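Visitor: Sequence:
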Amino acid sequence: MSDKDERQKIMRNMMPLVLGISLMGLICILSFFRIQSRTLNIWMDTGINADLVFAGFYLIWLVFESFVSKKELGRDRKTRDFGTCEIYALGQALTILSALWFRPWWDRPDMIHILGGLVFCLGVIFRLWAIKTLGRYYSHIVREVKAHSIIDSGPYGFIRHPAYAGMILANTGVLIFFFNPYTAFFFFLILIPAILLRILVEEKTLMNINGYKKYADHKKRLIPLVW
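Residue 1 is where the sequence shown starts when you use the numbering used here, and the numbers rise one by one after that.
Since the hints were made in silico from the structure, they are not lab data. It is possible that some hints are incorrect.
As the list claims (entries may be wrong) - Straight-line Cα separation of at most 25 Å, SDA-like style, residue types lysine to any residue; simulated pairs:
1. Lys-219 with Leu-134
2. Lys-213 with Glu-203
3. Lys-204 with Ser-153
4. Lys-220 with Leu-169
5. Lys-204 with Leu-128
6. Lys-132 with Asp-152
7. Lys-219 with Leu-128
8. Lys-132 with Lys-220
9. Lys-214 with Ser-153
Claimed, not checked - Simulated restraints on C-beta separations:
10. Asp-217 with Gly-56: 40 to 46 Å
11. Tyr-137 with Phe-102: 35 to 41 Å
12. Asp-110 with Ser-153: 35 to 41 Å
13. Thr-46 with Val-201: 42 to 48 Å
14. Tyr-138 with Phe-33: 33 to 39 Å
15. Lys-204 with Ile-112: 38 to 44 Å
16. Thr-46 with Ile-125: 24 to 30 Å
17. Ile-150 with Leu-222: 17 to 23 Å
18. Ser-149 with Leu-26: 34 to 40 Å
19. Pro-193 with Ser-37: 29 to 35 Å
20. Gly-211 with Trp-106: 46 to 52 Å
Computed from a predicted structure; not experimentally measured. Built from N, CA and C at the ideal position, the CB exists for glycine as well.
Based on the provided sequences and hints, a complete structural model is requested.
Guide: Okay, structure coming up:
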């Protein structure tokens with residue numbers, strides 16, 4: 001392998017970690033400005049700022065994800081990921097950052113915030129369950145993995161891509177909690193299409209795994225009985 005190829009491999013492996021850390025920093029900055037803003041902060045008359053609590057839980061989630069990204073640094077596998085990681089990360093970043101930056105439609109604390117928080121937590125839990133179940137085969141970058149076996153236990157017993165389903169569900173919680181038209185735009189027109197594109201790219205690699213086609217014939221991608 002040439003020095004140029006080696007540098008490209010290192011940069012590709014570092015990308016998820018760099019993007020994750022950058023997003024954490026931006027969330028911290030916007031959270032600070034949000035609690036200082038009288039037009040954005042609807043929790044001034046309450047004992048706790050739920051926006052800040054939500055952002056805190058989002059950051060904790062990103063920390064867990066960063067542990068997965070860190071493992072990418074030592075991997076030497078052939079990537080099949082040609083830009084989908086960056087588009088996917090952009091969609092996620094724009095969704096949460098726009099949620100923190102723009103004024104929500106909700107002008108006071110309500111039950112809708114509890115619903116959004118619950119949906120977010122369920123999505124994160126489902127995603128982390130999927131990551132743990134897949135174990136060493138899970139990656140933030142689409143790769144060819146030698147001796148890859150089919151995992152059909154846990155959430156993979158219901159759908160083929162539970163980690164992506166968890167990502168969608170978690171960010172649905174973000175949309176509900178902080179609802180504004182900008183966040184809805186980024187969620188539906190960037191994040192969701194990026195996830196769908198990534199699934200299609202990923203499955204071109206997965207279909208090379210012995211037994212995956214048979215597994216795919218009996219399991220939907222994201223929504224049982226639908227797709």
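Visitor: Now, for every hint given, state plainly whether the structure supports it.
Guide: Cross-check of the supplied hints:
1. A threshold of 25 Å between alpha carbons decides the hint, and for Lys-219 with Leu-134 the separation of about 16 Å falls inside it, so the pair holds.
2. Restraint check for Lys-213 and Glu-203: the C-alpha separation of about 10 Å stays at or below 25 Å, so the hint holds.
3. For the proposed pair Lys-204 and Ser-153, the alpha carbon gap of about 22 Å is at most 25 Å, so the pair holds.
4. For the proposed pair Lys-220 and Leu-169, the alpha carbon gap of about 17 Å is at most 25 Å, so the pair holds.
5. A threshold of 25 Å between alpha carbons decides the hint, and for Lys-204 with Leu-128 the separation of about 24 Å falls inside it, so the pair holds.
6. For a cut-off of 25 Å, the pair hint linking Lys-132 to Asp-152 stands: about 13 Å separates their Cα positions.
7. Of the pairs offered as hints, the one joining Lys-219 and Leu-128 holds, with about 20 Å between alpha carbons and a cut-off of 25 Å not exceeded.
8. Only pairs whose Cα atoms come within 25 Å are accepted, and Lys-132 paired with Lys-220 is accepted, the gap being roughly 20 Å.
9. Restraint check: the Cα-Cα separation between Lys-214 and Ser-153 comes to about 15 Å, which is no more than 25 Å; the hinted pair holds.
10. Separated by about 42 Å at the C-beta atoms, Asp-217 and Gly-56 satisfy the suggested range of 40 to 46 Å.
11. Judged by the Cβ atoms, the range 35 to 41 Å given for Tyr-137 and Phe-102 holds: they are separated by roughly 38 Å.
12. Distance hint for Asp-110 and Ser-153: a CB-CB separation of about 39 Å, consistent with the stated range 35 to 41 Å.
13. Taking 42 to 48 Å as the suggested C-beta distance range, the pair Thr-46 and Val-201 conforms, at roughly 44 Å.
14. At about 34 Å, the beta-carbon gap between Tyr-138 and Phe-33 stays in the expected band of 33 to 39 Å.
15. Distance hint for Lys-204 and Ile-112: a CB-CB separation of about 40 Å, consistent with the stated range 38 to 44 Å.
16. Distance hint check for Thr-46 and Ile-125: the Cβ-Cβ separation is about 26 Å, which falls inside the suggested range of 24 to 30 Å.
17. Checked against the hint of 17 to 23 Å, the C-beta distance between Ile-150 and Leu-222 comes to roughly 18 Å, which is consistent with it.
18. In this structure, Ser-149 and Leu-26 meet the distance hint of 34 to 40 Å, their C-beta atoms being roughly 38 Å apart.
19. Separation of Pro-193 from Ser-37 is about 31 Å and conforms to the stated range, judged on CB atoms against 29 to 35 Å.
20. Look at Gly-211 against Trp-106: about 48 Å separates their beta carbons, and that is inside 46 to 52 Å.
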